[in-house]
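Undergrad: Single-letter residue listing:
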Amino acid sequence: MVKTRKSKAGDLFVAFLCLLLILACLLPMLNIAARSLSSPQALIRNEVTIWPKGFNIEAYKAVLNDSKYTWSLVWTAIITVIGVIISMTMTTLCAYPLTYEKLKGRRLINGMILLTMYFNAGTIPTYLLLKDLKLLNRPAVLVIPYCLSVFNMIIMRSFFYGIPESLRESAEIDGAGPVRVLLSIYLPLSKPVLATLSLFYAVGRWNGFSDALMFMNKREYYPIQLLLYNILKSITSIDIQTQEGYATPGLTQSLQAATVMFATVPILFIYPWLQRYFIHGATLGAIKG
Amino acid sequence: MKKRRLVVLSTLLIALMLTACFSGTILSASKFPELDANGRFLKTRAITVEVYDRGNPGGSKPEDNFFAHWIKEGMLRDHNVKVTFVPVPRWTEVEVLNNLLAAGDAPDVCVTYSYPTILTYANMGGVLDMSPYLTDEYKELFPDLWDFLGERFLLWNQDPVKGTVWAIEARLFQNKRINTFVREDWLKKLNLPEPRSLEEFENMLRAFKANAKLLLGKDADKMIPYSTSYDIGWRNEHLITSFVPESITDKELYIHDFDDRRLLWPGFKEGLRILNKWYNEGLIWKDFPLYGPGDGTEDNNMKAGYVGAFMHNWDYPYRNGKDSIQYQLQLMAGPDAAFIAVEPFKNDAGIYRKYLAPGNDRKVFFPATNDEPLASMLYLNWITKLENRRFLQIGVEGVNHKVLADGSIQNIAATGDMIMNSPQNIDYTITINGLDLGDPVLTARSVALGYDPVDKRFIEKAYQLTDNNARYTPYFNVGEIKAEEGMGPALAEKRDNFLVQAVVAKPEDFDKVFDAGMKDYLNSGGQAIINERKAKFEQYYE
Numbered sequence: 104m105v106k107t108r109k110s111k112a113g114d115l116f117v118a119f120l121c122l123l124l125i126l127a128c129l130l131p132m133l134n135i136a137a138r139s140l141s142s143p144q145a146l147i148r149n150e151v152t153i154w155p156k157g158f159n160i161e162a163y164k165a166v167l168n169d170s171k172y173t174w175s176l177v178w179t180a181i182i183t184v185i186g187v188i189i190s191m192t193m194t195t196l197c198a199y200p201l202t203y204e205k206l207k208g209r210r211l212i213n214g215m216i217l218l219t220m221y222f223n224a225g226t227i228p229t230y231l232l233l234k235d236l237k238l239l240n241r242p243a244v245l246v247i248p249y250c251l252s253v254f255n256m257i258i259m260r261s262f263f264y265g266i267p268e269s270l271r272e273s274a275e276i277d278g279a280g281p282v283r284v285l286l287s288i289y290l291p292l293s294k295p296v297l298a299t300l301s302l303f304y305a306v307g308r309w310n311g312f313s314d315a316l317m318f319m320n321k322r323e324y325y326p327i328q329l330l331l332y333n334i335l336k337s338i339t340s341i342d343i344q345t346q347e348g349y350a351t352p353g354l355t356q357s358l359q360a361a362t363v364m365f366a367t368v369p370i371l372f373i374y375p376w377l378q379r380y381f382i383h384g385a386t387l388g389a390i391k392g
Numbered sequence: 070m071k072k073r074r075l076v077v078l079s080t081l082l083i084a085l086m087l088t089a090c091f092s093g094t095i096l097s098a099s100k101f102p103e104l105d106a107n108g109r110f111l112k113t114r115a116i117t118v119e120v121y122d123r124g125n126p127g128g129s130k131p132e133d134n135f136f137a138h139w140i141k142e143g144m145l146r147d148h149n150v151k152v153t154f155v156p157v158p159r160w161t162e163v164e165v166l167n168n169l170l171a172a173g174d175a176p177d178v179c180v181t182y183s184y185p186t187i188l189t190y191a192n193m194g195g196v197l198d199m200s201p202y203l204t205d206e207y208k209e210l211f212p213d214l215w216d217f218l219g220e221r222f223l224l225w226n227q228d229p230v231k232g233t234v235w236a237i238e239a240r241l242f243q244n245k246r247i248n249t250f251v252r253e254d255w256l257k258k259l260n261l262p263e264p265r266s267l268e269e270f271e272n273m274l275r276a277f278k279a280n281a282k283l284l285l286g287k288d289a290d291k292m293i294p295y296s297t298s299y300d301i302g303w304r305n306e307h308l309i310t311s312f313v314p315e316s317i318t319d320k321e322l323y324i325h326d327f328d329d330r331r332l333l334w335p336g337f338k339e340g341l342r343i344l345n346k347w348y349n350e351g352l353i354w355k356d357f358p359l360y361g362p363g364d365g366t367e368d369n370n371m372k373a374g375y376v377g378a379f380m381h382n383w384d385y386p387y388r389n390g391k392d393s394i395q396y397q398l399q400l401m402a403g404p405d406a407a408f409i410a411v412e413p414f415k416n417d418a419g420i421y422r423k424y425l426a427p428g429n430d431r432k433v434f435f436p437a438t439n440d441e442p443l444a445s446m447l448y449l450n451w452i453t454k455l456e457n458r459r460f461l462q463i464g465v466e467g468v469n470h471k472v473l474a475d476g477s478i479q480n481i482a483a484t485g486d487m488i489m490n491s492p493q494n495i496d497y498t499i500t501i502n503g504l505d506l507g508d509p510v511l512t513a514r515s516v517a518l519g520y521d522p523v524d525k526r527f528i529e530k531a532y533q534l535t536d537n538n539a540r541y542t543p544y545f546n547v548g549e550i551k552a553e554e555g556m557g558p559a560l561a562e563k564r565d566n567f568l569v570q571a572v573v574a575k576p577e578d579f580d581k582v583f584d585a586g587m588k589d590y591l592n593s594g595g596q597a598i599i600n601e602r603k604a605k606f607e608q609y610y611e
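If you read the sequences in order, they're chains A and B. Using the working numbering, the first residue of the first sequence is number 104, and each one after it goes up by one. Using the working numbering, the first residue of the second sequence is number 70, and each one after it goes up by one.
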C-alpha cells in the first residue's frame, strides 16, 4: 500500500507527540538519576541536568548501609508478592462464578459489586471497621483490605466472557465440574489477563502508601513508599518548620535523589517480563467488556 | 517531765518538717483520696501519651528509647503512673490524629499545633474540659505547671463565657522570628558599612549588583543582590513592618492579626512597594516565583555564594551544622564568606521595631476517652518540672552534651539509643519549645553553642538583633472566631499568589494588582474575620 503524503505527515506528527510524551516521562527520571550520582557541590551550583557531574556513588552507599531502607525494600517486596497472590486468587474467585448465566441473583450480585466502585465509606469508617476487625497496625492490614479491585475483577470477567462457552460445555460433557473447568480451561487460556492484572496489583501495592499511613503505626512495617513520603514531607513541610522554629536536618540532595531511585526502580524490572502479555491483556479485556 | 515532753514534741515536729522537705509536697489526704501524701497514686494507674515520630535518618523509635524509658521510670517512681507512648507521624500528624480521635482511639495526652482540630472535636464532645483541674483546689498538685506556664498559658484558651479549657498552651521559650542577613565579606570588600537605614540597604544592594564582576568573577551573571521567596510576608518582614506606624494600638494589631504574615496591618502595601521597586531594578532574584515550598534552589544559591542579602528565620543560615548555609558557603566561597545579621529598617519613630508572636507553642489536650485526667495532669506537671525537662533537653553529660568552663552546655550528637530524635527532645517536653536551663545567661550562651561549626559570634548577634526593640503582638482571649474556621489554607494561598503578582508587576501597575488582590482576599473571608475580631474585642475588652 502506498501511503499518501497526508498520512505520512500524520504519522510523523503522532510520532512526534509520542516522543514528547516519552521525554516528559523520561527527563525527570534522568534528572533524579543524575542528581543521585552527582557531587554535593555540583548540586549546590545547580549544574546537574540529565548527566551526573562530579560522579560518585556515595549516596547509594549511604542508602544501602541504612538498614531502614533495605529492610523496607525487602518488606515491600514481601507484601507485594503475597498481596498479588491473594489478590489474583480473590479476583478469579469473584469473576469466574459471575460468568455462569445460570447463577441465581447474578444481576443483583453484579450490581452490588459495581456499587462499591462508585461509593466508599471514607477513611474514618474504614478505620473503625479495621479497628473492630483487629487488623490495625498488623501486617495483614497492608494486604487484606484492598486485595480485591472491582475494576480489575471486571476486566477479568470480561476476558472470561470472551472464552467460547462451547469449550466449557464440552468439558462439562466429559464430566468436569466448575473448579476443574476453571483450572484446566479458563486459567490456561487467560494468561494475558492474569499477567496484566498481576502487574496492576503489584504496581499498586508497590506504589501505595496511604493505607499504611492511616492504618499502620509500626515503623518496621512501613512500605518503602511511605518511608519515602515521610522523608520528602519532612523536607517540604515549611509550615511545620516555621511553627517549630527549626528545620529538620534533611538529607542532602544527592541522598534524596538516591532514595527516590531506590524506591522506584525495582518495580520497573517486572515490566519487561510481563510486557508481552500486557498490551494484549489490557485491551482485550476492555474492548469486550 | 513537762520539759521532756516538750523536747519529744519539738523533735517530732522537726522530724515531721524534715520529711516534708524531703518528700516535696505534703498533700491533704481528704482532698485527693486516690493519692498518698507525696502525690503518688495508691493504685498504679496507666496513661497513654502521644509522641511525634519524625522518622529521622538514624533515629530511634520514639516510644522505645533511652529518654522514653527515663520518663516511664520517673512517672512510675514519683506518681505510680505507667506511661505508654503512642507514636504519631510528625508530617501527617493532623490526619492521623483526626483518625484516632474519630475512632475513640486517641492517646490520653495529645499534642498538636492545630487548635482548629481540637475545636472541631470539642464541639462534638470529643475533648475533655481541663478547667476543673486548673482551679485553685488543684493548684497544689501541679506547682510546676503553674509556675512555668502560669495563668497566661494554662488558661489561654479558656472560653470567656463558659469557662471551658479544651487545651493548654506550651511555651515558646526562645521567642524569635526573623533576621535580615547580608554578606559580611562583601561589605568589607566594597568598603561599605553595615546598613542602618533603608537607603543604606538599597545602596548596598545596588553596589552588590554593580560590582558583580569583582565579587563573583566568572559567575558574575549569577549575582543575586537580594533573595526572597513566594512567601513574601515572612521573607521580607523586617522591611514591610518598618512601615507599620509606631502609634498602632494593641487593638488594631489584634483585629488585623489573623494573617501571621502581617498582610492586614497598616503599612504593608508601602513596604511591598519597595520590594516591587527592587524587583524592577533587577535587585531581586528574578526566578523566585517559580519555586515552591521545600525547594532547595534558593538555599543552593546562598550556599554557592551568589546571594548578597535576604530575610528569613532568625537563625536560618546557621542551622544544621555542617549542612548549614554558612558552613557550605565557606566551603564553596572561601573561609571569609559569611552571612551576618543586620538591623537596617527603622519605623516612623526611628525605632528598629520587631513584631513578635505572643510566645505560645503547641497545644496539649485530653480527648474525651481519657479516663485518667488526674494522672494525665500529673504527667504534664512532671514533664514541666525544671529538673526533668532540663535533663530531657540536654541529656546525659558526656553523651548528649559537654559542660564548658563557664557552665554553658554544648550539645554532642549522640547515636543509637541515646539519640535525641528532635532538638532538645521537644517531642517529649511537650510544654516547652526551646532550651531553658533555668538561668537566662547560661541559656543564651548555650543556644549560641548549638550551631557548631558556625562561629558563635554570628549566632550571638542574630540572637540579640531578632528581638531587639521587640513588641509582642498581644493576645486577647475572646473565644472562638467562627469566621476563621477552616479559612487558613485557602486565604494563605490567595495571599501568596497576589503578593507575588504585585512584586513582579510593573511599577505603574503595582497599585492596581495589589488592590485587586487585597479586595479579593477581603471578599473571600478576610473582611468577615476582621469584623468578627473587632466585634468580639469590643464585647470583651471595651
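The hints are simulated quantities; they were obtained by calculation from the structure and are not laboratory data. Keep in mind that this is a model prediction, so the values were computed, not measured. Fair warning: there could be bad hints in the mix.
To be verified - List of simulated lysine-lysine pairs, DSS-like, C-alpha gap at most 30 Å: (1) B:Lys258 x B:Lys151; (2) A:Lys171 x B:Lys287; (3) A:Lys164 x B:Lys338; (4) B:Lys151 x A:Lys237; (5) B:Lys130 x A:Lys336; (6) B:Lys605 x A:Lys336; (7) A:Lys321 x B:Lys151; (8) A:Lys237 x B:Lys130; (9) B:Lys415 x B:Lys208; (10) B:Lys551 x B:Lys530; (11) B:Lys338 x A:Lys156; (12) B:Lys415 x A:Lys156; (13) A:Lys234 x B:Lys130; (14) A:Lys156 x B:Lys588; (15) A:Lys321 x B:Lys320; (16) B:Lys141 x A:Lys234; (17) A:Lys156 x B:Lys391; (18) B:Lys258 x B:Lys391; (19) B:Lys130 x B:Lys338; (20) A:Lys171 x B:Lys454; (21) B:Lys563 x A:Lys336; (22) B:Lys415 x B:Lys151; (23) B:Lys291 x B:Lys231; (24) A:Lys171 x B:Lys130; (25) B:Lys355 x A:Lys336; (26) A:Lys321 x B:Lys346; (27) A:Lys237 x B:Lys605; (28) A:Lys164 x B:Lys287; (29) A:Lys234 x B:Lys151.
Undergrad: Would you mind marking each hint as holding or not holding in the structure?
TA: A quick look at each hint next to the structure:
Between the alpha carbons of Lys258 of chain B and Lys151 of chain B the distance comes to roughly 62 Å, so the proposed pair goes past 30 Å and is violated. Proximity of Lys171 of chain A to Lys287 of chain B is assessed by CA-CA distance (about 43 Å); at most 30 Å being required, the pair is judged violated. For a cut-off of 30 Å, the pair hint linking Lys164 of chain A to Lys338 of chain B is broken: about 51 Å separates their Cα positions. Between Lys151 of chain B and Lys237 of chain A the CA atoms are separated by roughly 24 Å; this keeps the pair inside 30 Å, and the hint holds.
Restraint check for Lys130 of chain B and Lys336 of chain A: satisfied, since their Cα atoms lie roughly 19 Å apart, inside the 30 Å limit. Of the supplied pair hints, the one linking Lys605 of chain B and Lys336 of chain A is violated, its CA atoms being roughly 38 Å apart against a limit of 30 Å. About 21 Å separates the Cα atoms of Lys321 of chain A and Lys151 of chain B, which keeps this hinted pair within 30 Å; it holds. Between Lys237 of chain A and Lys130 of chain B the CA atoms are separated by roughly 23 Å; this keeps the pair inside 30 Å, and the hint holds.
A distance of roughly 45 Å separates the Cα atoms of Lys415 of chain B and Lys208 of chain B; the hinted pair therefore is violated under the 30 Å criterion. At most 30 Å may separate the alpha-carbon atoms for a hinted pair to count; Lys551 of chain B and Lys530 of chain B exceed this at roughly 41 Å. Only pairs whose Cα atoms come within 30 Å are accepted, and Lys338 of chain B paired with Lys156 of chain A is rejected, the gap being roughly 44 Å. Proposed proximity of Lys415 of chain B and Lys156 of chain A is contradicted: the alpha carbons are some 46 Å apart, above 30 Å.
Distance check on the hinted pair: Lys234 of chain A and Lys130 of chain B sit about 23 Å apart at the alpha-carbon level, within 30 Å; holds. For a cut-off of 30 Å, the pair hint linking Lys156 of chain A to Lys588 of chain B is broken: about 48 Å separates their Cα positions. Of the pairs offered as hints, the one joining Lys321 of chain A and Lys320 of chain B is violated, with about 48 Å between alpha carbons and a cut-off of 30 Å exceeded. For a cut-off of 30 Å, the pair hint linking Lys141 of chain B to Lys234 of chain A stands: about 27 Å separates their Cα positions.
For the hint pairing Lys156 of chain A with Lys391 of chain B, the CA-to-CA distance comes to about 22 Å; that is within 30 Å, so the pair holds. Distance hint between Lys258 of chain B and Lys391 of chain B is fulfilled; the C-alpha atoms sit about 26 Å from each other, no more than 30 Å. Distance hint between Lys130 of chain B and Lys338 of chain B is unfulfilled; the C-alpha atoms sit about 48 Å from each other, more than 30 Å. For the hint linking Lys171 of chain A to Lys454 of chain B, the alpha-carbon distance of about 35 Å lies beyond 30 Å, and the restraint is violated.
Taking the CA atoms of Lys563 of chain B and Lys336 of chain A, the gap is near 23 Å; set against the 30 Å cutoff, the hint holds. The straight-line distance between the Cα atoms of Lys415 of chain B and Lys151 of chain B is roughly 54 Å, outside the 30 Å bound, and the hint therefore fails. Note on Lys291 of chain B and Lys231 of chain B: the hinted pairing is violated, with a Cα-Cα distance of about 60 Å set against a maximum of 30 Å. Distance check on the hinted pair: Lys171 of chain A and Lys130 of chain B sit about 12 Å apart at the alpha-carbon level, within 30 Å; holds.
For the proposed pair Lys355 of chain B and Lys336 of chain A, the alpha carbon gap of about 27 Å is at most 30 Å, so the pair holds. Restraint check for Lys321 of chain A and Lys346 of chain B: not satisfied, since their Cα atoms lie roughly 53 Å apart, outside the 30 Å limit. Among the hinted pairs, Lys237 of chain A with Lys605 of chain B is inconsistent with the structure: their alpha-carbon atoms are about 47 Å apart, more than 30 Å. The suggested pairing of Lys164 of chain A with Lys287 of chain B is violated, with an alpha-carbon distance near 34 Å, which exceeds 30 Å.
Between the alpha carbons of Lys234 of chain A and Lys151 of chain B the distance comes to roughly 24 Å, so the proposed pair stays at or under 30 Å and holds.
When held up to the earlier numbered hints, the structure conflicts with 1, 2, 3, 6, 9, 10, 11, 12, 14, 15, 19, 20, 22, 23, 26, 27, 28 and fits the remainder.
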